[in-house]
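Participant: Following the hints, complete the assembly by docking chain B onto the known chain A.
Quick note, the sequences are listed as chains A and B, same order. So for the first sequence, the numbering used here puts the first residue at 1185; every next one is plus one. So for the second sequence, the numbering used here puts the first residue at 14; every next one is plus one.
Bear in mind the hints are in silico, worked out from the structure with no lab data behind them. One or more of the hints may lead you astray.
Listed next, the in silico PhoX-like pairs over lysine-lysine satisfying Cα-Cα at most 20 Å (straight line) [to be verified]: (1) A:Lys-1350 to B:Lys-131; (2) A:Lys-1610 to A:Lys-1235; (3) B:Lys-204 to A:Lys-1688; (4) A:Lys-1570 to B:Lys-52; (5) A:Lys-1235 to A:Lys-1483; (6) A:Lys-1343 to B:Lys-131.
This structure is a prediction, so every number in the text was calculated from the model and none was measured.
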Amino acid sequence: MAQATQTVDVEDLKPRFGEALRKDERPGYEGYLIAPDRLTEFAMALRDELKYDLLSSVTGVDYLPEDMMEVVYHALRTSGGGPLAFKAQVPRANPVVPSLVPVYPGADFQEREAWDLFGIRFEGHPDLRRILMWEGFEGHPMRKDWHEAYYEEEGKPFKNRWPEGKVYRIEDKVPYGHNVAFPPEFSVEGWTPEGDTALYAGLGKITSKDNGHEEGLDTDEIVVNLGPQHPSTHGVFRMVAKLSGETIVDLKPVMGYLHRNHEKIGERNTYLMNMPFTDRLDYFSSMSNNFGYALAVEKLMGIKPPERAEYIRVMMAELTRIANHLAAIGFLLNDLGAYFTPVLYALEERELILDVFEATSGSRMMCNYYRFGGVARDLPEGVLEKVRALVFERLPRRIDDLDRYLSGNEIVQVRGFGVGVLTPEKAIAYSATGPLLRASGVPYDIRRAEPYSIYDRFEFDVAVRYHGDVYDRYLIRMDEMRQSLRILQQVVRDIPGGEIQTGKPQYQVRVPAGESYGRVEGPKGELGYYLVSNGKPNPWRYHVRAPSFINLTSLGELCRGNKVADTVVILGSIDIVLGEVDR
Amino acid sequence: MFGTGILKGLGVTLKHFVGSYVDDIRWLGRRYFNDEALKVRQGPKGTGVFTVQYPEEKLPVPEEFRFIPFLVYDEGAEGQREIRCTSCGICAKVCPPQCIWIERSNDPQSGRPIPTPKEFFIDIDICMNCGLCSEYCPFDAIKMDHDYELASFHRHAEHIFNMDRLLQPASYYASIRPTNYAREEAARAEKEAAKAARKHEA
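In isolation and in its complexed conformation, chain A is listed as follows (with noise of 0.2 Å):
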């Protein structure tokens, strides 16, 4: 792809900007201050001069204490290399931003989260409303001076749990009915909920003749809604289409029905408390979730984990990898209407790596397994055998059946050929990572491109595919499998003896105050999490950087001008899960 021969940097576009743009150079952060008036300008020369392509990551920190809001923006190369993080600070009474949606579209839904979470105002954004609370909610949840229903401390651990631990539930305290508060004179029976006029408005309209609409055959349009009780969209999920007959003119997701505010969990807990809640993200991969977190708190407490325990927690991810694509391929099948005979068979290997994790984890999905500077323990006896004959036997010879059995599909083919085609500069534009941008035929990955853990010394390809397609979608998931194998069969190889753990094991980590991002390439793409730090044992900001919430961004752009029937496999190929969708 692009070489990587740039010599602007950012200090270059200093005399530009002059004190609009500055270093952050608060201890312990990275990256520049960029006034918000010349944010737009800034982003422009970032993405045009410097390359910074992929905007990767938008979100808001709420400085309570010193009466300011922050939007951390992380943006990266395409054509290799680590992010760059840039901030724009304004006052908390009012805070309001430039949209970067004209710049970097993939900005689009990470700016309606801020918008409904922290109350960030981004002027110009074509559609600014709420994505994972409902419309008519009050307040804004992750504000730090916001509190929750069933709000016990600001965090854990609760005070009233050691040494008088009278037991109590939260419900028979706060009883249902009487944890939610109304505004002064709001009747629940007079009400008539507003958001989805919002929403059908923001559809967009039939402009030209394309789309199959013949000019000056009136037709009319409709809306349908998919879901969110459907099987197809594989959890909560729904998604408002606009249709000319059969076409869909422009389609819409609506999230957040699985919401829980994770984020808002993560601020109460402390560190390492942390650690299993990661596991409920994107439940069918929680190794890698571990992963990232785990890396993300070593980076601010700045110590790395001993040698095996590196190995482990490659083999783990990588395993957890080829579980995810075994079953995201399965489920595209499934949608595509080869009723579980496909899923099942995947499913059967599945089982096999989940008796992986689970002897050495203690659990199947959510496995909690990684801690900060190692893993929680040694790989019990017998499992390197079983990961041996797994990667070595069973597995190469499964992937080449279920290859030999879908591939070359008359069906799976037909259905697959340019359907949901996104082109690369598109999906750069989108923000989408993983395999949604690497079948598009951009091969950035963030174990090849900014090498994390040990990646960097095994041998293996960047799986990329050319057509966009949801039949490459497909392809590339069966190349990602076998090009972990071979990272597996290497680890199996060279795996060392030894220690699994720096230091000792601590239930009460010391991060030093700061911020980190720290990212793993996923099963299904960018994985990030962006972490501040005050010192105190409970981080002041957690933010997870959720690549089936982020992939869905192109999601209306992949749908256009295709027949209704087209989304549902458009949407298995992206392969998201709700529980991180919606977190």
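Facilitator: For chain B alone, kept in the frame of chain A given last:
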């Protein structure tokens, strides 16, 4: 030719279909309800039908499997319960959903705290089975159980486990986690020996 891909795919399903019978014949009627066969069926070399006939057949859980925690007590010489827990509160502090409540007991005369807890509660509706309590317990007093069949009819009456419900003898612990138990006992014996040696020196 159009359709060869489908035919090839159907060949794979046919292979699976035939394979299930081949595996039945291989075990000659002993394929089900047989621990030996279950192990092979569920292992990397397994072929044929993959499912388990629950609840007649159950997958054996590995040693590290974790479910709701329990408290360990040692059996004294006269059969009395010697509770290992010292109510130090680490488990309550490390518990992510904060489902552990501990009441420390005080000496009736001096009013000073004594190690054995007065009460110990775990709300199993809230417990997320993460295993952090047992991982960070310095006294090996709280451990994760293997019993996952806990469904009950009375959620409000039965789902807060008190100390009586939580206590299990060390022999039970040794039976579900033999390797861990042996390792911990060895470490403890070593510590005791070192302590005795130091006493001896002094």
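Participant: Confirm or reject each hint.
Facilitator: Going through the hints against the structure:
The suggested pairing of A:Lys-1350 with B:Lys-131 holds, with an alpha-carbon distance near 11 Å, which does not exceed 20 Å. Restraint check for A:Lys-1610 and A:Lys-1235: satisfied, since their Cα atoms lie roughly 15 Å apart, inside the 20 Å limit. Simply put, B:Lys-204 and A:Lys-1688 have alpha-carbon atoms about 18 Å apart, close enough for the 20 Å limit, and the pair holds. A distance of roughly 13 Å separates the Cα atoms of A:Lys-1570 and B:Lys-52; the hinted pair therefore holds under the 20 Å criterion.
Taking the CA atoms of A:Lys-1235 and A:Lys-1483, the gap is near 26 Å; set against the 20 Å cutoff, the hint is violated. A threshold of 20 Å between alpha carbons decides the hint, and for A:Lys-1343 with B:Lys-131 the separation of about 17 Å falls inside it, so the pair holds.
The structure shown violates just one earlier hint, number 5.
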